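There are 2 protein chains.
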Amino acid sequence: MKIAFLIYDRFTALDIIGPYEVLHGLPDVELQFVAKQAGPVMVDSGAFALVAPYSFADMSRADVLVVPGSLATMEAAADRELTEWVRQIHAHTRWTTSVCSGALILGEAGLLQGLQATTHWMTLPFLERLGAEARPHERIVHQGKIITAAGVSAGIDMALYLVGQIAGPERAEAIQLQIEYDPQPPFQAGHTSKARPDVQALAQRELMRAALTARESWALMRLLGRSFVSNLKNRRLSFKIEEAAQS
Amino acid sequence: MKIAFLIYDRFTALDIIGPYEVLHGLPDVELQFVAKQAGPVMVDSGAFALVAPYSFADMSRADVLVVPGSLATMEAAADRELTEWVRQIHAHTRWTTSVCSGALILGEAGLLQGLQATTHWMTLPFLERLGAEARPHERIVHQGKIITAAGVSAGIDMALYLVGQIAGPERAEAIQLQIEYDPQPPFQAGHTSKARPDVQALAQRELMRAALTARESWALMRLLGRSFVSNLKNRRLSFKIEEAAQS
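So the protein sequences, as listed, match chains A and B.
All letters in the first sequence, in the order written, are residues 1 to 247 by the working numbering.
All letters in the second sequence, in the order written, are residues 248 to 494 by the working numbering.
Hints are computed from structural coordinates only; laboratory data are not their basis.
Keep in mind it's a predicted model, so treat the numbers as computed, not measured.
There could be a bad hint or two in this list.
[As the list claims (entries may be wrong)] Derived contacts from chain B toward chain A, CB cut-off under 10 Å, selection only:
1. Asp262
2. Pro274
3. Pro287
4. Gly398
[Said to hold, decoys possible] To give an idea of the interface, some chain B residues facing chain A are shown, with a C-beta separation under 7 Å as derived from the structure:
5. Glu268
6. Leu273
7. Val276
8. Ala296
9. Val298
10. Ala401
11. Ala419
12. Glu420
13. Leu424
14. Gln425
15. Pro432
16. Phe434
17. Ala436
18. His438
19. Pro444
20. Ala450
Built from N, CA and C at the ideal position, the CB exists for glycine as well.
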């Protein structure tokens, strides 16, 4: 079973690493990180890049697709090459999934038409425009072969649910134990129905600020050319992918 | 405030990405991913590399240190250069933290002597040998400026607790809402006290198998030389870090 983890510029790391760490526990899976071009892809904070070994051109089929969100999902969702690839992969998947604002990418690819779906609480209003019915009180929404999850950390719950569907509850429980997923949040503000109004206002302001900061550092990186530039230090990291010599 | 995220060969991605995604929400922080050498560091599954912009030599001080676990923590913990760097950073931190088997690295660095601590359930027996008192039923153990967390996903709870300590509960709650951390695991097997015996046996077997597989692909990569080699495809990814031209 081939599992494709899509990444794109300024993706949110936990959106994809949560499901990856869970699905990693399935037996006989190939875990394939894929981006428009193979190579390093910067996360939203700019703190590090993740190196995708596969490009869109390398991969035309996958059994499971995981689409993460980001602080710049709108731009990813407006990228025709990206949504076209998602549509093409979806045509043959057993499961197509999204985490957080990744649902907007599925929506722009035309996959949520007439379906119930969920996404990060900040992006819920966009679901309706994409023809989907928002389910703001559900952490995971399963419709046919599509599963959408709520914000960021919800990808862990979604992936455990998916393992249950693919391999049964015993395997899902073993993976839950492997990653010791026995959550004990020290606060109780993880959903808009639980967080106080001042906390909600602060969270909203901070997300807006982070999205703007990400946009600015991105603009700077673009200005500096196509090479990958760390925005943290005055260093340039360059990458090259070549065919390895046959042994 | 400078936060150092240590990564090393075959680290477990969620161990470090969980705390990173939470601490990312603190205002005025520098998030610095650091490895023995700057550049790509492979995760335990071999599915991708994460690019660290900083080397040990680049960083001699940090306010917060986060040490992840891995399927090969014993080897990291036996690396004198690594434990010496951890000890040196710890000397000036406000907080020194570990997730999962990362506690064994703190232990080998001599930081857990006489302290209570926790770690992944599989590595709990090693804590005593390192002079610490294991707390198998606690998800987070806070002792002075050291906080240890249980396996993999426990880093999210630990980091939220740490944000509460650093910036107060309102900020921690806002971050919890930003990452929509309102966990709803579809199964209840996340702790050894909750998982059935057959599930525990399966989880243990699978972790042993994964550790062996990681060791084998690592041996292969070593054999192929110091360059970073993707073990997924017959491709070679090479990396170069150079000073960027001053603008």
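Starting from the hint list further up, note which numbers the structure goes against and sort them upward.
6, 7, 19
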